[in-house]
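*Asks:* Residue numbers (our numbering), protein chains in the order written: chain A, 1 to 349; chain B, 1 to 349; chain C, 1 to 349; chain D, 1 to 349.
Among the clues, some could well be false.
[Unchecked claim] Derived DSS-like pairs: lysine-lysine, alpha-carbon spacing no greater than 25 Å straight-line:
{"no.": "1", "chain 1": "C", "residue 1": "Lys85", "chain 2": "A", "residue 2": "Lys325"}
{"no.": "2", "chain 1": "A", "residue 1": "Lys318", "chain 2": "B", "residue 2": "Lys318"}
{"no.": "3", "chain 1": "D", "residue 1": "Lys146", "chain 2": "C", "residue 2": "Lys318"}
{"no.": "4", "chain 1": "B", "residue 1": "Lys174", "chain 2": "C", "residue 2": "Lys85"}
{"no.": "5", "chain 1": "A", "residue 1": "Lys249", "chain 2": "B", "residue 2": "Lys284"}
{"no.": "6", "chain 1": "D", "residue 1": "Lys249", "chain 2": "C", "residue 2": "Lys284"}
{"no.": "7", "chain 1": "B", "residue 1": "Lys318", "chain 2": "A", "residue 2": "Lys325"}
{"no.": "8", "chain 1": "C", "residue 1": "Lys103", "chain 2": "C", "residue 2": "Lys146"}
{"no.": "9", "chain 1": "C", "residue 1": "Lys318", "chain 2": "D", "residue 2": "Lys318"}
{"no.": "10", "chain 1": "A", "residue 1": "Lys167", "chain 2": "D", "residue 2": "Lys146"}
{"no.": "11", "chain 1": "B", "residue 1": "Lys167", "chain 2": "C", "residue 2": "Lys85"}
{"no.": "12", "chain 1": "D", "residue 1": "Lys167", "chain 2": "A", "residue 2": "Lys146"}
{"no.": "13", "chain 1": "B", "residue 1": "Lys174", "chain 2": "C", "residue 2": "Lys325"}
{"no.": "14", "chain 1": "A", "residue 1": "Lys325", "chain 2": "C", "residue 2": "Lys325"}
{"no.": "15", "chain 1": "B", "residue 1": "Lys284", "chain 2": "B", "residue 2": "Lys318"}
{"no.": "16", "chain 1": "A", "residue 1": "Lys284", "chain 2": "B", "residue 2": "Lys249"}
{"no.": "17", "chain 1": "C", "residue 1": "Lys284", "chain 2": "D", "residue 2": "Lys284"}
{"no.": "18", "chain 1": "B", "residue 1": "Lys85", "chain 2": "D", "residue 2": "Lys325"}
{"no.": "19", "chain 1": "A", "residue 1": "Lys318", "chain 2": "B", "residue 2": "Lys325"}
{"no.": "20", "chain 1": "B", "residue 1": "Lys146", "chain 2": "C", "residue 2": "Lys284"}
{"no.": "21", "chain 1": "B", "residue 1": "Lys167", "chain 2": "C", "residue 2": "Lys174"}
{"no.": "22", "chain 1": "B", "residue 1": "Lys85", "chain 2": "D", "residue 2": "Lys284"}
{"no.": "23", "chain 1": "C", "residue 1": "Lys284", "chain 2": "B", "residue 2": "Lys167"}
{"no.": "24", "chain 1": "A", "residue 1": "Lys325", "chain 2": "B", "residue 2": "Lys325"}
{"no.": "25", "chain 1": "D", "residue 1": "Lys249", "chain 2": "B", "residue 2": "Lys325"}
{"no.": "26", "chain 1": "A", "residue 1": "Lys167", "chain 2": "D", "residue 2": "Lys174"}
{"no.": "27", "chain 1": "A", "residue 1": "Lys249", "chain 2": "B", "residue 2": "Lys249"}
{"no.": "28", "chain 1": "D", "residue 1": "Lys167", "chain 2": "A", "residue 2": "Lys174"}
{"no.": "29", "chain 1": "A", "residue 1": "Lys167", "chain 2": "D", "residue 2": "Lys167"}
{"no.": "30", "chain 1": "A", "residue 1": "Lys85", "chain 2": "C", "residue 2": "Lys85"}
Honestly, the hints are just simulated from the structure, not real lab data.
4 protein chains.
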Amino acid sequence: MSKRNLMRTDLIDEANEVVQHRTKKEKDTLYDTPGIQMNEDRNGRVIITHIETDASGAESIGKKEGTYITLSVPTLTVEDEDGFKQLEQQLISSLNDIHQLLKLSKESTIAVIGLGNKTITPDAIGPLAIDLFHEEMFSLSFEPGKVVFFAPGVTGQTGLETFEFVKAIAEHVKPDLILVIDALAARNQDRLCKTVQITNTGIHPGSGVGNMRNEISFESLGVPVTAIGVPMVVDAPVLVVEAIETVFKVISSQIGETTKASSALSVGSWLRSTDAPINIEAIKPIFGEWTSWSSDEIRALLQEVLPPHHQQLFVTPKETDSWVKRHAELIQSGVLSWLQDDVFSSTSP
Amino acid sequence: MSKRNLMRTDLIDEANEVVQHRTKKEKDTLYDTPGIQMNEDRNGRVIITHIETDASGAESIGKKEGTYITLSVPTLTVEDEDGFKQLEQQLISSLNDIHQLLKLSKESTIAVIGLGNKTITPDAIGPLAIDLFHEEMFSLSFEPGKVVFFAPGVTGQTGLETFEFVKAIAEHVKPDLILVIDALAARNQDRLCKTVQITNTGIHPGSGVGNMRNEISFESLGVPVTAIGVPMVVDAPVLVVEAIETVFKVISSQIGETTKASSALSVGSWLRSTDAPINIEAIKPIFGEWTSWSSDEIRALLQEVLPPHHQQLFVTPKETDSWVKRHAELIQSGVLSWLQDDVFSSTSP
Amino acid sequence: MSKRNLMRTDLIDEANEVVQHRTKKEKDTLYDTPGIQMNEDRNGRVIITHIETDASGAESIGKKEGTYITLSVPTLTVEDEDGFKQLEQQLISSLNDIHQLLKLSKESTIAVIGLGNKTITPDAIGPLAIDLFHEEMFSLSFEPGKVVFFAPGVTGQTGLETFEFVKAIAEHVKPDLILVIDALAARNQDRLCKTVQITNTGIHPGSGVGNMRNEISFESLGVPVTAIGVPMVVDAPVLVVEAIETVFKVISSQIGETTKASSALSVGSWLRSTDAPINIEAIKPIFGEWTSWSSDEIRALLQEVLPPHHQQLFVTPKETDSWVKRHAELIQSGVLSWLQDDVFSSTSP
Amino acid sequence: MSKRNLMRTDLIDEANEVVQHRTKKEKDTLYDTPGIQMNEDRNGRVIITHIETDASGAESIGKKEGTYITLSVPTLTVEDEDGFKQLEQQLISSLNDIHQLLKLSKESTIAVIGLGNKTITPDAIGPLAIDLFHEEMFSLSFEPGKVVFFAPGVTGQTGLETFEFVKAIAEHVKPDLILVIDALAARNQDRLCKTVQITNTGIHPGSGVGNMRNEISFESLGVPVTAIGVPMVVDAPVLVVEAIETVFKVISSQIGETTKASSALSVGSWLRSTDAPINIEAIKPIFGEWTSWSSDEIRALLQEVLPPHHQQLFVTPKETDSWVKRHAELIQSGVLSWLQDDVFSSTSP
């Protein structure tokens, strides 16, 4: 997780185009969008979204070209052993899925890198997962030099750009794959701690797509990079914009529903804010002109009006410490199983 | 810090009546309110607010009768050694101030208790401060049994109500004073980590004034209780309400200012949101009817509309881990100096 | 674990009389000793020693009257999942065994107390086990007030005698059983981290039997106290005395064995030092007069000759940090299973 | 600190030749030894030993050619603020001393590397010191890329040889100096935690001088390497040999002293075991033939006789956790001052 633009989300599921195509009809449209293939599936309690983009599709949603798999358990809680178990099984299966073309085998060398700042709790997933690998390493039986586990720390602490750290190791170890573990920022607080995203497009902190400086990716390192991320924070101004828009949407839909037979049906919070257009005329008397503003305009207003402190605030679940620990365990355990049972037990083709 | 009502603030500075009397003229009014004596002072970079309430005054601001001292350094940052030093000096001085009538001396016995859940970072100030006392204890020279430092943990962890824990120790040790250290919730994010509140009214978690169950106070324990607290979190719905009201206020004041010579002046964020009444007519076209709603009404709307997750979210500064550590050090160091230099070096009168 | 006399051992298995009756014939003698009943059993890899003493037997071995159960896995290593699993099963079974007469049921109240100093790694088992209880407590379903988990810290840190802390809670909570978890000192380094001792005689730190001050026991508290302990350290002078005596014994036995057919047999380290009397005449030429000294005399010499630092030294396994963590997990998990499946699921008779 | 030969010491002060030349007369002899220059000095409470060896001198003491500076405060305790302050001042001064010829300046790039295993308390000095640098880094004002602070972890954890890790960074960053922080093993328990050794010969773990594999040194990396080390452990068999020899020496000297006027004088523990030859004939009746054995022979006996566990034991001070923390602070603070005030404030010549 790194410095972010206001309103930045690291989740492809929250990219505007993806979000706005969530209704049935619109999803069909997205399926037709040139350059984007989206597939939603469910396995037990895990919702799996698989998105493939080519260059044109990537541009249209402001993300990088490649494969994005998101695994979500909307009802996950921090003590939910069953949910985490299902998520871990799916993580292993998705790691096999996304690495199919790489032909990894027991001849391969793999570097597993935990990014983030371990002294900032919601950013500590990467370093914590590496700590867990380190603790167990003594009882594992990897051949020397086949896997490397390390957490480079953040630039502001070590004095060396994270990218340079990873590059130094990549040049020296020459791995066949770099697996990066990192905390992400989300836009929607419903996503926090309930989603794992796996992508072969790497990590491109800070300034978005196209800025290759500091990007940890195949393009910058010459080595395939797979990133596993968990959304841990929402930035405070993002929370406020989302909350205001939720107010507009819910009230708008309530006004609409009073005339519909379906108005008695309860709408789940996971979907509530995303599925119907706002009836602006209905809510304008209550909430005024700004109901017709775009998210970008509301955001710009807040950015101007709210004191600068505001933009230094994180929104996290109260049990963040436990979530971070639990997700570090999930990823460490899933990646370890995948390495032992799938990668290093197979012979090269 | 414990379960809180929506919109709860633990800071007397944020009690409505106090906030709304912040302009010069209105402060004068507050000075005249029967039962409330308020005094603002400044020492170096530290703003000191001293509030005394009697029963009638307490009721009018929804707080308990007693003395409240808040120390604020609005420009404090986490690496600001000078700011923390000034805050510590003032903390010592205010501890002397608030305990004047107790006649503490080297004959006294004092229990220092750190409340909160050490596995939730922003709630860990109390336990962390106690850890620091424990580490240094070996090199201190308190007479055995004169001071007791402990962190009871939270009920949900230990199985025993925090109050019962404190009561068990109080009955056994029979201290002359119980000093409680705790994290607080704030309403205004500007306050986070920049204020220390000292009060002789104790800690009354959860259900507000009047519910003596679990209250850690002179009334419930028969021992004077002084609480030292630092606001560490804003609840997410509180942040949203405050942000919306800030938008209304700032835009209202900008509309007003366009006709004033002072419109070019920048207004500091610490005060910006609190000093002028909103010109509702001016902003109603933009923001609609709800500009005329009270905070309570906006809050009720949010509570209904936002998903329940929302109310389980904390808003904290990004560097919370460092702030918590730094404030635990501040309080431990200040309290230790006070105990050694002021309490235990004086003979009883 | 607390201040100990030189050569102190907290393990009954190492009490001189018990050790010296380890050979088959002598064990038979011990079985005949009035007031001591000793029974050795094996369950899988776990060796179970069950010792019952009455007042006369207790006096003869310098321990308190009561029941002592020691569980040992001589081949245990820190990554040995199977060994720890077997030890945990046996711990649960022994907890049922030792509490048979107490008639615990779901009506009972139990206080689980972790003793020791969490800032001294080999002494941290008690506090670490309590931390684990605290972490899991949220997902457990104990009725409020039926169990209390806490770690009072050590007197040198908190300012209050550990005993007073426990007493304060005991008086307030009035439990039917106090379960104490603590690190122990061993005499023989082979025992370190490989043994768990369970006794209903409580914990009597420091000055041995008979000094009831600070003893945490039924006698001092009026509540049954069961102590679960793991030997984590050998004091440095103890290690030296044991090493010198081992040299004497092994060389003596090698001189003897040269004439025996059995001399080719390897003798396991677990038993080596305990099973044959030293042939002093054979080894005196090499090691001199002091081969005929008693352990007490050798110890007294060392105590006089070695610099005082020496007695402030701990001998621990290199992986102490991992052992402490692992044993805290073992005890927490075993005690939790016992509480949930055996105690609180049974109705009172 | 890494795998060590039995009886290995990492301190040059304990090299046999150096130890045995400690009496006045013999020191004079050492001064005459070709290839060794030894100088002892005292500054306040700090004893400074400066040893320079060339190739021939190095061979004669079994150490590498180069400069060794040891700073000792024999009376140091873990709460001894004054002692640590004096040690830190001397550390800064010795860092200037040993780097005189390197002409470091604000143009230089320096890598500070903490070696060791942070999950083994007495081996954690290096990683802990780096953690402290990381925490403070945000408030420091080093130019980007001028200093790099990192802790590579140990091979058994990361999967990559420590040397390879350091080499990867060295090749990438091309520093002018690598400063390595590590825990050391001592032979004499009096030295534990009371000495800091600074050497420009690097770190050569495990197999002694001459094995360049894994050595972190100028020879292996092409970059000057300075190592700062603190002795934290004595291996258990080393402790036993030293204790036995101490017994022999003290009793021998007591027998001798009975005829001398000085026999009433107490001899300080720091020097006691090193300053007089043993009168073997006097003590042989008590302790036998082995009084005439060499240390190597006693050690060989112990190695054969003691069970293998024994060699996996560490001897450490009881307050190891506090010592490790304190020494990490000392080194971090001293190195930081040296970097800021001496290195980066000077212009290149």
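*Asks:* Compare the structure with each hint and give your call.
*Replies:* A quick look at each hint next to the structure:
A threshold of 25 Å between alpha carbons decides the hint, and for Lys85 (chain C) with Lys325 (chain A) the separation of about 24 Å falls inside it, so the pair holds. Annotation: proposed proximity of Lys318 (chain A) to Lys318 (chain B) holds, straight-line Cα distance about 14 Å (limit 25 Å). A C-alpha spacing of about 37 Å is found between Lys146 (chain D) and Lys318 (chain C), which places the hinted pair above 25 Å, so the restraint is violated. At roughly 45 Å between alpha-carbon atoms, Lys174 (chain B) and Lys85 (chain C) are farther apart than 25 Å, so this suggested pair is violated.
Restraint check for Lys249 (chain A) and Lys284 (chain B): the C-alpha separation of about 20 Å stays at or below 25 Å, so the hint holds. For the hint linking Lys249 (chain D) to Lys284 (chain C), the alpha-carbon distance of about 20 Å falls within 25 Å, and the restraint holds. Pair hint Lys318 (chain B) plus Lys325 (chain A) holds up; C-alpha atoms about 18 Å apart against a cutoff of 25 Å. A distance of roughly 15 Å separates the Cα atoms of Lys103 (chain C) and Lys146 (chain C); the hinted pair therefore holds under the 25 Å criterion.
Between Lys318 (chain C) and Lys318 (chain D), the direct Cα distance comes to roughly 14 Å. Compliance with the 25 Å bound is thereby established for this hinted pair. Taking the CA atoms of Lys167 (chain A) and Lys146 (chain D), the gap is near 18 Å; set against the 25 Å cutoff, the hint holds. Straight-line distance between C-alpha atoms of Lys167 (chain B) and Lys85 (chain C) comes to about 40 Å, which puts the hinted pair past the 25 Å bound. Distance hint between Lys167 (chain D) and Lys146 (chain A) is fulfilled; the C-alpha atoms sit about 18 Å from each other, no more than 25 Å.
The straight-line distance between the Cα atoms of Lys174 (chain B) and Lys325 (chain C) is roughly 36 Å, outside the 25 Å bound, and the hint therefore fails. With a C-alpha separation of about 16 Å, the suggested pair Lys325 (chain A) and Lys325 (chain C) falls inside the 25 Å cut-off, and the hint holds. For a cut-off of 25 Å, the pair hint linking Lys284 (chain B) to Lys318 (chain B) is broken: about 35 Å separates their Cα positions. Between Lys284 (chain A) and Lys249 (chain B) the alpha-carbon distance is near 20 Å, which keeps this suggested pair within the 25 Å criterion.
The straight-line distance between the Cα atoms of Lys284 (chain C) and Lys284 (chain D) is roughly 11 Å, inside the 25 Å bound, and the hint therefore holds. Note on Lys85 (chain B) and Lys325 (chain D): the hinted pairing holds, with a Cα-Cα distance of about 24 Å set against a maximum of 25 Å. Our distance criterion of 25 Å between C-alpha atoms is met by Lys318 (chain A) and Lys325 (chain B), whose separation comes to about 18 Å. Annotation: proposed proximity of Lys146 (chain B) to Lys284 (chain C) is violated, straight-line Cα distance about 57 Å (limit 25 Å).
Annotation: proposed proximity of Lys167 (chain B) to Lys174 (chain C) holds, straight-line Cα distance about 14 Å (limit 25 Å). Note on Lys85 (chain B) and Lys284 (chain D): the hinted pairing is violated, with a Cα-Cα distance of about 65 Å set against a maximum of 25 Å. Restraint check for Lys284 (chain C) and Lys167 (chain B): the C-alpha separation of about 65 Å exceeds 25 Å, so the hint is violated. Of the supplied pair hints, the one linking Lys325 (chain A) and Lys325 (chain B) holds, its CA atoms being roughly 20 Å apart against a limit of 25 Å.
Simply put, Lys249 (chain D) and Lys325 (chain B) have alpha-carbon atoms about 51 Å apart, too far for the 25 Å limit, and the pair is violated. With a C-alpha separation of about 14 Å, the suggested pair Lys167 (chain A) and Lys174 (chain D) falls inside the 25 Å cut-off, and the hint holds. The straight-line distance between the Cα atoms of Lys249 (chain A) and Lys249 (chain B) is roughly 24 Å, inside the 25 Å bound, and the hint therefore holds. Pair hint Lys167 (chain D) plus Lys174 (chain A) holds up; C-alpha atoms about 14 Å apart against a cutoff of 25 Å.
For the hint linking Lys167 (chain A) to Lys167 (chain D), the alpha-carbon distance of about 13 Å falls within 25 Å, and the restraint holds. For the hint linking Lys85 (chain A) to Lys85 (chain C), the alpha-carbon distance of about 22 Å falls within 25 Å, and the restraint holds.
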